[in-house]
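Protein chains in written order, with the numbering used here: chain B, 1 to 255; chain V, 1 to 429.
Honestly, the hints are just simulated from the structure, not real lab data. Please note: incorrect hints may appear among the correct ones.
Here are some, though not all, of the chain V residues that point toward chain B, as calculated from beta-carbon distances under 7 Å [claimed, not checked]:
(1) 120
(2) 123
(3) 124
(4) 205
(5) 211
(6) 221
(7) 332
The beta carbon of each residue, even a glycine, is placed where N, CA and C say it ideally should be.
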Amino acid sequence: MKVTLVMKPATKSFIPIEAESIVPKNFLAGTDLSVWRGNRELRLDEVFSISVEGDADRVEDVEVVLSGDTSRLKRVGEYMDGGKITILGGIGMHCGNFMSDGTIEVHGNADGWLGREMAGGTIICRGDAADYCASGYRGGRKGMTGGTVEVFGRAGDFLAESIAAGTVIVHGDAGDMAGAEMHGGTLVVHGNCSRPAANMKSGSCYVFGTAQGMLPTFRKVGTIQHEGRTLIQFTGDIANRGKGNLFVKDYKYLD
Amino acid sequence: MIVKDAVCPFCGCLCDDIEVEVEGGRVVAVTNACELGTTKFMGEKRMKNPILRDGNQWKEITCDEAVRYAADMLLDAERPLLYGWSGTHGEAQCVGVHMAELVRGVIDNTSSVCHGPSILAIQEVGHPGCTLGVVKNRADLVIYWGSNPIDAHPRHLSRYTRYAEGFFLENAFRDRKVIVVDVRRTETAEIADEFVQIKPGGDYAVLSALRAIVQGKTETIPRTVAGVTREQLVRVANLCKSAKFGAVYFGLGLTMTRGKYKNIRNAIELVSELSRHTKFTISAMRGHYNVYGSNEVNTWMTGYPFGIDFSRGIAFYNPGETTAVDILARKECDAALIVGSDPAAHFPRRCLEHLSEIPVVQLDPYPNATTAFCNVQIPVAVTGIDAEGTAYRMDGVPIRTRKVLSSDYLSDREVLLQMYTLMQEAKGQ
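Using the sequences and the hints, build the whole thing.
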């Protein structure tokens, strides 16, 4: 079954729409769903032009395709447990929160908290991801606990904050404090980033570019060969009695 | 008439030993207050009546008309923002939270642009803090990190640290050491025993390095960290470890610079590390006299200290998303009520552009920068001068502010209650 949702132009387009009802599982029972614009509850068909092709009995057979200006659409795919969501443009905050299975593909940019606290499944972002991609929630000890997030553009600050398990791959640069508080999982940044793996306890963080503002509390171990690259291996963060692995191609201290 | 033991409603110190002389319904002299507090007590040029924007002019309106305007504005909005709250008393803040819940709006206070990151860090790793009295009487080492109390909290040094007597210190002035950490040599740095000058953006690295040194892992630390030599870091770590009781006070130099709440988390974890060797505490130098109170009130009423979104009927909190600067910059609200703060004086231009496009009502005794963005402004009594109410000192101690003179102005709480009543009637409650 393919559900296509085309966003209608809104008079108050700047007010975000919370659409946690947009998960493949919900469309097995039809399209009588609602979303919220500010404090107003709206029917799904007030916000989207909806078309459904085919039918399905299992969530794995449901694909939801979103198009139009979806950049202020929040919480799409929250608690998703199967199926596929394809977003042809950009997507608002909290896309894929807590998802445990299935695939979300974003063809544009993703706003903050993409894949927050996700436990499984796959998120692919073809554009840039804003701050807190694959991170935890405020005050939470564990962020991502499983699954994969792959960003083909750049990522913002606090990428994969508090990651406990799973894999995060960013093909461009990442912002400040990528992998802060990480205590498990794998983070790979193909470009540059600053202050990676701050206060890490465990896990592995790879920076194939330059680690700017490298923290002084990582102990140099030596060099390794990884996927045809020579990387410098550090362990830390010793300030946090951490035993994580940080691999960088190059680094610069703020001395 | 002289009013003794008045409470100064300026900064988070809430000095409660102020003497105010009142003559002819106005304050004519103030004793014991600092320059900032004196200026607030002696403030003049208050707005007389509520005003309504009428084209390019202001029109005076009655308080009832202004209250009705505000109530209608909030009821019509899809995502109203209720912002400020740090410059008013706790009882008014309570009404504000009820209003936000009723209209399903977003309520945020000024901590989202000052010590909000401190609260985020505390939510991650806790808060080993204490009252100002404990520091005054026990601390033999005080660290001011990213704060300049001589300018911002002028009596902090004389009442609690550098120049204060201490019950458990024989000669407090001699025995108490002061360390200042900052990116520039401030006036406070001039009276410190040790000044640590950090390169801008280097606080996190220095805090990490200190944590490692306190653990005895000095050999890993490079020769300089963000402009600070390893020798000085070792000296500071030793000063901390040899203190009987240390207290760290941090300001916006730590909360609002690169890394924000991670800086504070690192500072708290340094304090926890030091507490394995001696007794150490850490506290925030809160700015507005009742910003701490707005966090307290919000927390006990909603579970969250600031940036609370009631759009869905329940409280949702996510600084960076539900905080005033972010909402305004992203044009995500369609009306704003401002109480006890002046966002136009502090917020980025993009936020003010949106404020200029939506209806705005402000409660404030004085014309200020935000007045230019208002549709309606309602002058109110000043808490601690012609209104009384509860405020929370920077260390979390609630203090009842006193009314030193009477005026015809309604307090924030009285005006907000009128609005809330109208809103309840409209909602059929």
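Consistency of the hints with the structure:
Given hint, residue 120/V at the interface with chain B, holds; its Cβ is 6 Å from that chain's nearest Cβ, closer than 7 Å. Hint on residue 123/V holds. Least Cβ distance to chain B is approximately 3 Å, under the 7 Å limit. Hint status for residue 124/V: holds, given a least beta-carbon distance of 6 Å to chain B, under 7 Å. Below 7 Å, beta-carbon pairs count as interface contacts, and residue 205/V has one with chain B at about 6 Å; its hint therefore holds.
Interface hint at residue 211/V: satisfied, since its Cβ lies 4 Å from the closest Cβ of chain B, which is below the 7 Å cut-off. Interface hint at residue 221/V: satisfied, since its Cβ lies 5 Å from the closest Cβ of chain B, which is below the 7 Å cut-off. Proximity of residue 332/V to chain B holds as hinted, the smallest CB-CB distance being about 6 Å (cut-off 7 Å).
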